[in-house]
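Protein sequence lines, in the order shown, are assigned to chains A and B. My numbering puts the first residue of the first sequence at 1, with every later residue one more than the last. My numbering puts the first residue of the second sequence at 1001, with every later residue one more than the last.
It should be emphasised that the hints constitute simulated quantities derived from the structure, not laboratory data. You may find that some hints are simply not true.
Said to hold, decoys possible - Now the stretches of chain B that chain A is said to cover, found in silico as 3 or more residues with beta-carbon under 8 Å:
#, segment
1, 1005-1015
2, 1020-1030
3, 1040-1054
To be verified - Calculated Cβ distances over 12 Å to all of chain A for the following chain B residues:
#, residue
4, 1034
5, 1036
6, 1037
7, 1235
8, 1237
9, 1238
10, 1303
11, 1309
12, 1312
13, 1444
14, 1462
This one's a predicted model, so the numbers in the text were calculated from it and none came from an experiment. Built from N, CA and C at the ideal position, the CB exists for glycine as well.
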Amino acid sequence: MIALTRRRPELGLLFWVAAVGITGSVAVAAAEAAGFRPQQLVIPVTFVAVAFVLHVFLAARGVRGDQLLLPLAAVLTAIGLVLVQRLASNLLLQQLSWTFIAAGAFAATILIPRDITALSRFKWTWAILGLLLLMSPLLPVVGREVNGARIWIGLGSVNFEPWEVVKILLVVFFAAYLEEFREVLAQTQRRFGPIPVPPVPYLVPIVAMWAIAMVVMVFEKDLGATLLFLGIFLAMLYLATGEAFYTLIGLALLVVGGFVAYQAFGHVAARVDVWLHPFSEEVRFDAGYQLVQGLFALGNGGLFGAGLGNGMPERIPVVWSDFVFDAFAEEVGFAGALALLALYLLFVYRGMLIALRAPTPFLQLLAAGLSFIVALQTLVIVGGNARLIPLTGITLPFVAYGGSSLVTNWMLVALLIRVSDATARVRGTP
Amino acid sequence: MTRSIAANIRGLTLVIALAFLVTSLGVGYWTLVAGNELSTDPYNPRLVAAIRDRPRGFITDAAGTKLAESAQVGNTFKRVYADKTLAHVTGYASFQFGASGIEAAYADSLIGQDPADPLSQWRARYLRERAPPGSVVLGIDPKVQQAAVAALGNRRGAIVALDPRNGMILASASWPQYDASLISDPATEESAWKGVSEHPDRPLINRATQGLYPPGSTFKIITGAAALETGIDPNAKVRVDDPWQADRSWGSYFVRSSSRAHGDYTMADAFRLSENIYFAKIGLQIGGPKLAEYAQRFGIGSATRCDIPAARGQLSSTGQLDRPTLIADTSYGQGQILASPLQMALVAASIGMGGVMPTPHYATEVRDAEGHAIRVIAPGPSGQVIALETARALTTMLVGAVEGPGAFAFAAKIPGVRVAGKTGSAENPSGAPHGWFVGFAPAEAPTVAVAILLENTARGGEDAAPLGGRVMQAALGR
């Protein structure tokens, strides 16, 4: 019983999650022509029950450490379910099923690696597994192409985006590799004028990993994942070495690579043109239609929004996966959008706090890298939705419709909780 | 000494926090600052949805006759249009298929959120209070419109008449037409839309503003303007021998004279008798880049600023005149050049106005529910496209083209008024030539400019010229 009471704050926060999920769902249902029907409560109540079960599971296992991440991930997932109900109600049951799988993946990640630090010992396994997964969509039979991007594998009616898993494997690999070699990599006594000369041989494996990932992504034509991988690579290098030089080189590579891609690949040039001139007559009815409709939705948001169910975000093509943020902002306004961003920032802040306190460099790098994924994905898709940067097909973590994203992000939460748990055990705190 | 990972984590977190701040500001910009402008964008579906949920204002012609109004059906509203001949102008307002024409261009004004009235926009956005809908008044003059509709009859084509002094469109007819009321009624929109959108004659297109045709001999006005301004003497005799080619390199290609002419022509003769070989020869003398520049000055190939969508036209498929045969053909309006009737009416108008091109507009005023003007639509001229003396010289020659001995466009004459004009018969791949007439009257101080286009008509420009005379006569009130 002592174990169960240890996670009281988490339990208390889950009641807020329940309040958000259930009132959101009722509000959406009430705004529909058919009105609210009690049986619609089944979906949010089922998910809230799943969240409570996860809490009891953590408490019963005696997991210590952070108690904010589970409620944060749960409230974002609950908002996601409300938005799927609002924007694509035919996909709602499917998304609810994915939350079960996500919860299972979360529990498995809590249970299976007996010692989280041991993950670093299999770093080459993760690297090879990651590359194989990344290349799997190029295979015949299982590989699927959706909207021009060949990033899916499919079995029967279930489609999965392997790169979602790869992003986690990549962070685990980088954390393990950099823990081992970070001291060497940060050796910048040798300087060529003001430019530090990095110890090239030790950079080869990570650069090679990254380059292979890039090449594969170019063939699979997914701008968002390429950007995410590059971001992870740069952030991990910076975290390990503190050498701003690496980051600057990386950003220069991004600019040059972006320019080359703009010249060489039609799909990249099209994205950039839409970003620069979405309202021009040539673009707005064609390639820019989705973005323009998204901006209309944002513009209708105002300060407090049209009210859940009262906007017209359904006019945005594929709104439930690419433009949930704009849909949300239309109906709850700038105030609600800011609150959503605050939830993500809080999530990232907690993740970074776990990283700061973690006992070993591997765990520090792991937790910081995983938190960075959530931060970067949020920034890239919200930035794309708000025309701050070109739009990419990255999903808004936990909220956007999609199974692969939900499952891997819940695994990510479990890993962060594991790091926090390991820290608490080393330090002897609850 | 390596920096501690903890310090790096703090650094990265700070960068992330700053990026969140910038992103929040971006979201704030779109939701709060840009919101007003976005919410009145004519293609914002939220405006179209307003069609169903509340009554929209009237669209009236210059005489005050209601052309479009809202009718209540249960709790919803539908639009009803009084005059089928103006369907292309008023457009339709369908919940399912969006809006077009004035209904789209003035969608914000018609629901009481005119951009000139920021207070009503603000109240609609933040207080969800709506001003009663305003109305949009068009410059369409029912007399001229009736004359244009009667002149066109049920021949595929378009007629547009405008006041060259201010660009106000007086009449706008396009055949085939469609019934905008059916497309705007939820009960019939589906079948009506299917009927018109799949019809091979494409009745949804407003041929006056969006139909693109080779301008044929009406383009000679622009070639003439370019020639006068590059110092070519209009009185110099140019030898015409049908058929003609510049040199052997043209192979089997020849420019043909429509009257199989042999003789010496001045520019005035060439306008009067519409002599292709004359213009082909001086076009080559002007040169491709200069001729392209003048077409551009008259707006061909660039966006036509009009309050409802209007086509850009094109100079050639590449936008350049780089081959001698293409230059020669373009000089008399063939080749690859395409223009809309509205564009050619503007060409005539700017000659009549001493080289000043007006900006065309269908609407003249937006009024609030009490009938007070909120906004007067009076765009200034788009610019001086040619010199006053050039325009005067061309006017004299265009009067000759209507009233001179043996003039092709004689049928556009109006008793007691000097009329300037030019016919055109445009060869095209779809059959008989398209017949054109563009003109203005009175020649010395025009109050009306017209463009007539008849698709695939047996006698080309000769069929179009009398219609131009009738429409201008109606506008002049004679």
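12 Å cut-off, C-beta based - residue 1303 of chain B kept clear of every residue in chain A: At about 8 Å from chain A, residue 1303 of chain B fails to clear the 12 Å cut-off, so the statement is violated.
Cβ separation check - residue 1444 of chain B to all of chain A, threshold 12 Å: 39 Å, holds
8 Å C-beta test of the segment 1005-1015 of chain B against chain A, three or more residues: holds (count 9)
Exclusion check [residue 1037 of chain B not at the chain A interface, CB over 12 Å]: Label violated. Min Cβ-Cβ 8 Å, cutoff 12 Å.
Least C-beta distance from residue 1238 of chain B to chain A larger than 12 Å: 42 Å, holds
Status of residue 1237 of chain B, Cβ more than 12 Å from any chain A Cβ: 47 Å, holds
Outside-interface status for residue 1036 of chain B - nearest CB in chain A farther than 12 Å: 8 Å, violated
Consistency of the no-contact label for residue 1312 of chain B, given chain A and a CB cut of 12 Å: About 9 Å separates residue 1312 of chain B from the closest Cβ of chain A, which leaves it inside 12 Å; violated.
Least C-beta distance from residue 1309 of chain B to chain A larger than 12 Å: Non-interface label on residue 1309 of chain B violated, nearest chain A Cβ at 8 Å vs cutoff 12 Å.
Distal placement of residue 1235 of chain B relative to chain A, Cβ over 12 Å: The claim holds: residue 1235 of chain B sits with its nearest Cβ about 44 Å from chain A, beyond 12 Å.
Coverage criterion applied to the segment 1020-1030 of chain B (partner chain A; beta-carbon cut 8 Å; 3 residues): holds (count 9)
12 Å cut-off, C-beta based - residue 1462 of chain B kept clear of every residue in chain A: 37 Å, holds
In summary, the numbered hints that this structure violates are 4, 5, 6, 10, 11 and 12.
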